[in-house]
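Visitor: Sequence:
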Amino acid sequence: MKILFAGGGTGGHILPIVAVARELKRSYPGENMELYYMGPEGKFGDVLLSQEGIKTFSVRAGKLRRYKGPAAFLHNLADMFFLTPWGICKAFKILFFLSPDLIFSKGGYGAIPATVAGKMLGIPVFLHESDIVPGKANLTAEKLALEIFTSFPFTRHFSPKKILLVGNPIRSRLLSGSREEALQLFQLVGDKPILLIMGGSQGAQRINDMLLAVLDAALSQFEIIHQTGEANFKTVEQEAKVVISETNLPYYHPAPFLNENELRHAYAAADFIVSRAGSGTIFEIAALGKPSMLIPLPESAQNHQMENAYAYANTGASIVLEEANLTPHFFLERVRSVISDPVETKRMAEGALNFAKPNAARIVADYLLAYLQR
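If you use my numbering, the sequence shown closes out at 1112, no skipped numbers anywhere.
Simulated from the structure, these hints should not be mistaken for lab results.
Idealized CB from N, CA, C, for every residue including glycine.
Be aware that one or more of the hints could be misleading.
Think about it this way: if two alpha-carbon atoms lie no more than 27 Å apart in a straight line, the pair counts; the simulated BS3-like pairs of lysine-lysine are [as the list claims (entries may be wrong)]:
#1 Lys-972 to Lys-930
#2 Lys-881 to Lys-900
#3 Lys-874 to Lys-1084
What follows is a set of in silico ranges between Cβ atoms, one per label pair, in the way DEER data are often shown [to be verified]:
#4 Gln-789 to Asn-1052: 34 to 40 Å
#5 Ser-1078 to Glu-975: 27 to 33 Å
#6 Asn-997 to Thr-973: 17 to 23 Å
#7 Glu-1071 to Val-980: 20 to 26 Å
#8 Leu-1064 to Phe-835: 47 to 53 Å
With the sequences and hints as input, model every part of the structure.
Guide: Structure (structure tokens):
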């Protein structure tokens, strides 16, 4: 049995694939399952996927740039007529000899060569859409797919006949963290409410800057675990040492990136989570039943983070703070007002759990296996 995953190469594509791959191996523990991945070359994906025993094939693909201007127009033409066709040809050759039984695509332009070549070779294609507003790559690939797994209710633009609402696959290990382990791992003091602040897999400079402006005041009330992003870590660490008073210094715990083990324990310890509004993070927070504040990335494609954030917040599970309103003192006051209200935090936690779909990865894996074993 051979299954090929395809995706754009970011954390939003790779991490759900890891979750589904683990459930496939759990449901089909024999040695006859071979898992592959095809997408753009990238260290992040290559490392994570190789750890799961997934062999990767690098295939380049063009993309449609959303910004205007002569340079963007020429790049779009070059990608459309040269890079993407070349990627499809390379994918066709790989798939012809590999002959997978099906393709599971997470979307992104990096997945287009695999899905197009797979359809040409008669290989069944299944899509998964993370966001409430589908990406252009998945909209392009819709006609090539047998089924489309969606994360949010009322996902737009797809044919209702093809949609299966499952949620966004998350790694089940993230739900098994321990507050006690977190106390040791992060050397937490543990006598104040704990905030977990994240800016996505790459961090977020604007969130970092906002936090630094009120960091000492925040630490007077909260203990903070802060994922800064690899590129921003040294700068944030240095500036934090300047602005934090000596008495508050033990309450601040910056990290460039939280690996899976660190993240699961940070999640378990957190009383409140501040994050970007990527679909994967939203579904992780929901499955944990944690109250949260979402700060959507305004530059996200199709404005999907804004749409995701409000779709989730409308369930009562979270509050949304747009970057246009992201002033340091307003941010701190909003966090303080929620955490100091136990009725509100309980309502948000209940809303999160009602929205959650923690078994999405297992449902997708079982569906794919049932299709292959029919």
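Visitor: All the hints need checking, so say for each whether the structure fits it.
Guide: Against the structure, the hints come out as follows:
no., hint, result
1, Lys-972 to Lys-930, "26 Å, holds"
2, Lys-881 to Lys-900, "10 Å, holds"
3, Lys-874 to Lys-1084, "37 Å, violated"
4, Gln-789 to Asn-1052: 34 to 40 Å, "37 Å, holds"
5, Ser-1078 to Glu-975: 27 to 33 Å, "29 Å, holds"
6, Asn-997 to Thr-973: 17 to 23 Å, "21 Å, holds"
7, Glu-1071 to Val-980: 20 to 26 Å, "23 Å, holds"
8, Leu-1064 to Phe-835: 47 to 53 Å, "51 Å, holds"
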